[in-house]
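A.B. asks: The listed protein sequences derive, respectively, from chains U and V. Position 213, counted from 1, in the first sequence is what this note's numbering calls 213; the numbers after and before it change by one each time, with no gaps. When you read off a place in the second sequence, starting at 1, and then add 1000, the result is the number in this note's numbering.
Hints were generated in silico from the structure; no laboratory data involved. Any given hint could be a false lead.
As the list claims (entries may be wrong) - Pairs of lysine-lysine, BS3-like flavour, derived with a Cα cap of 27 Å:
1. V:1269 - V:1223
2. U:164 - V:1339
3. V:1058 - U:164
4. V:1223 - V:1293
5. V:1028 - V:1007
6. V:1007 - V:1269
7. V:1058 - V:1125
8. V:1293 - V:1494
9. V:1472 - V:1293
10. U:160 - V:1472
11. V:1058 - V:1293
12. V:1058 - U:171
13. V:1168 - U:164
14. V:1339 - V:1028
15. V:1472 - V:1494
16. V:1293 - U:164
17. V:1028 - V:1269
As the structure is a computational prediction, the values presented were derived from the model and not from experiment.
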Amino acid sequence: MTHALRKKIMGGSLMLIFLYGALAIAMPLMESAYQIRIDFRLMPISSTHWLGTDQFGRDTFAMVIGGCFASLSVAAMAVIIGAGIGIPLGLIASASDNILSRSILSLNDFIFAFPALVTAILIHNIFGSGIITAGLAISIFNIPVFARTLYGAARPLWTKDFIKAARLAGKNTISIAATHILPLVSSVALAQISMQMGLGILAEAGLSYVGLGVVPPMPSWGRMLNEAQTLIVIAPRLAIIPGLAIAASVFLFTWIGDKLSDYADPKRREGQDHDRA
Amino acid sequence: MTALDLKGLSVTLGSRCVLDNLSLTINKGEIVGLVGASGSGKSMTARALCGLLPTHAKTNGTLTLNGEPIALHDVEAFAAIRGRDIGLIFQDPAGIFNPLMSIGDHVAEALVRRGGLAWTHAREKARIALDRAGLPNDIPAFDRYPHEVSGGQRQRAMIAAALALSPKILIADEPTTALDVTTETGILALLRQCADEDGLGILLISHDLPILERIADRLLLMKNGRIVESSTLPLSNDTAPELARLYALGHKASIHAAHERRAPLLQTKSIGKTYSNKSQFLLGSSDTIHALKNISLSLGESEIVAVVGESGSGKSTLARILAGLDRASQGEMIWTEGKGRVQMVFQDPAGSLNPRWTIGQSIGEPLSLSANHPRVAEAARDAGLDPAFLTRYPHQISGGQAQRAAIARAIIRRPDLLILDEPVSALDFEIRDQILSLLERLRAMHGIAMIFITHDISAARRLSDRMIVLDKGEIVESGITADIFSAPDHAMTKALLAASSSEERVRS
């Protein structure tokens, strides 16, 4: 693939993400479209119902568009909380080898040791269902992911000679972390954010599928799958369509994350490092 | 008898001509030294001789090996002779070895794959090969894994593997660059022995002229992909002016008087550093490692003290403690009132600059100045760096320029003491000379005292007033540099001096 083509694909994907965002924001406008209307149940694909209707007469196209909101907002919330706590924790742990850094890493391992679904059920039992609960459950597992990734990326940097030089220049650990370490690991963090968005969408669908996600009438791709499973023989499109929506968005975000992490590695970056003096 | 004859080799990569009409011969039992700055095409020559050129390279020229012509672009023909007729050793043995395979199996593998022996037989022969390469059986190197032996032993094992199939030609690309001076002498003696006893023809590639001068029968100087000079030894100004000039650079004597009294700057009293090695998990049997023991030294203003020793002697630990990057376990450091600003210059110029910062940003860091502040440009000029480079990034400048930038960053705050941790050992011969001159000039201009940590005795001799020899964390000898050179006392000092003195030719 040429460099120019890659850039185009990258640009296209970013535009798709903006489109997702726009759809999610536009969701409340669609509300009337997915009202329950039993008289219109299980309509086939037509010009009025682009993707047909489900067993409650709701327009599938409107449901898929509306589902963007639950997916994106839960995933975004999980990433914001996860990255917001995990990235500083990872950086703190990487800065030194003491009680603090070891406790951070042990806490990470502790969270990793719990099955995600069990924690989600626990939170569900305490706080009830809803978009906040789902986001909170996923974000707890995002914290150690971000902390680990950032720890791994930042740890080798602390032993570099330019860090020693910065210490000799009189900088303290916090200002070294802010001026040297964070800019060098930012592309890693960005890539991880994108990948966790994808995984967050998947996790939201999973939680909604088992009934731990957003509550009706708010549409959710995971619940659409759940509701479609009894009709899989009569109307397979009801399962295929939200499935495709989930797959496409997960692929989009993880693909962008993958490309961003390529970009973070200067050796794999093209057209950047060849202009030697 | 000619073992290898290369005529008119040209290599082009894309539109760039990297080797231009190169001809060389290697006779049986002869060591030919190939010297040149980095980028001059030395390694490309080595790759061409082994048929390891990049696939998109366009080649021209003829190669005759033991009387048989080989097409330079014939990958399969080379695959057949590589290892069997032509052996190859590299600079970094650590990167060559499979960490999950024992040293002996590496050598045996060469015999199995190329020599067609069975493993049991190959292992027996590998033992003999390792023994010959100076890894005798009483150190059980055969069953050790690569990380369990020293760099010198790894290099010996690589030589054993390369020579196991008794090739006629050995290409050695910077075989001792990563090694200590004393280890280096051993490896060079081994190569000499192989040439003398087995009639092995060796092409020894190095950027370090004195090493080649000690061992080679003939020297070739490469520049921009061409061989510009060829001379037998000893070098003379008439036959090889450029080689003679480069050689003289490495042996420039100190130009300053060392005996003048200086105001004291820093005193250390019995500094020690211990590490506890908690190897047994939970069992708690920890042994203490003494990295430094009882180091007392004093430093005068604008004095240069060289600290020399083998790797592992505690040089770098001392540097870190003096710089305040590490704390001493025992002892104290006393600065003269009002003094104590320390800066440091590191070995690897590229690693000492943040890759995402411009050179100007890095230089301005100690004073939190922006990259276009006039003081940044002034510091760069002081360090002999053209201010035009201030907007570049580290990967866009050469190693020598990066080291100048690191020096500029170190002097911008006018330190009282500059600690130089192997500042020239990663640099080419000519650049090394320029940096040493720069350091001399900085001392003269700004009166900065320096601690010069190095294993390069000739650089220490040139730059330092006094010298300290470290061995296993202790000072074994100290005194005025010239005195130590004329009358070394301790065995380690003698070994270090002998290893670097090029008057002494390596004999098998």
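A.B. asks: Give a verdict on every hint.
C.D. replies: The hints, checked one at a time:
Among the hinted pairs, residue 1269 of chain V with residue 1223 of chain V is inconsistent with the structure: their alpha-carbon atoms are about 50 Å apart, more than 27 Å. Proposed proximity of residue 164 of chain U and residue 1339 of chain V is supported: the alpha carbons are some 20 Å apart, at most 27 Å. Distance check on the hinted pair: residue 1058 of chain V and residue 164 of chain U sit about 45 Å apart at the alpha-carbon level, beyond 27 Å; violated. Between the alpha carbons of residue 1223 of chain V and residue 1293 of chain V the distance comes to roughly 46 Å, so the proposed pair goes past 27 Å and is violated.
Annotation: proposed proximity of residue 1028 of chain V to residue 1007 of chain V holds, straight-line Cα distance about 18 Å (limit 27 Å). Our distance criterion of 27 Å between C-alpha atoms is broken by residue 1007 of chain V and residue 1269 of chain V, whose separation comes to about 63 Å. For a cut-off of 27 Å, the pair hint linking residue 1058 of chain V to residue 1125 of chain V is broken: about 39 Å separates their Cα positions. Between residue 1293 of chain V and residue 1494 of chain V, the direct Cα distance comes to roughly 21 Å. Compliance with the 27 Å bound is thereby established for this hinted pair.
The hinted pair formed by residue 1472 of chain V and residue 1293 of chain V meets the criterion: a straight-line CA distance of about 9 Å does not exceed 27 Å. At roughly 25 Å between alpha-carbon atoms, residue 160 of chain U and residue 1472 of chain V fall within 27 Å of each other, so this suggested pair holds. At most 27 Å may separate the alpha-carbon atoms for a hinted pair to count; residue 1058 of chain V and residue 1293 of chain V exceed this at roughly 58 Å. Under the criterion of a C-alpha separation no larger than 27 Å, the hint pairing residue 1058 of chain V with residue 171 of chain U is inconsistent with the structure, at around 51 Å.
A hinted pair counts as satisfied when its Cα atoms are at most 27 Å apart, and residue 1168 of chain V with residue 164 of chain U does not qualify at roughly 48 Å. Proximity of residue 1339 of chain V to residue 1028 of chain V is assessed by CA-CA distance (about 61 Å); at most 27 Å being required, the pair is judged violated. The hinted pair formed by residue 1472 of chain V and residue 1494 of chain V meets the criterion: a straight-line CA distance of about 16 Å does not exceed 27 Å. Proximity of residue 1293 of chain V to residue 164 of chain U is assessed by CA-CA distance (about 24 Å); at most 27 Å being required, the pair is judged to hold.
A threshold of 27 Å between alpha carbons decides the hint, and for residue 1028 of chain V with residue 1269 of chain V the separation of about 57 Å lies outside it, so the pair is violated.
Against the hints set out earlier in the document, violations occur for numbers 1, 3, 4, 6, 7, 11, 12, 13, 14, 17.
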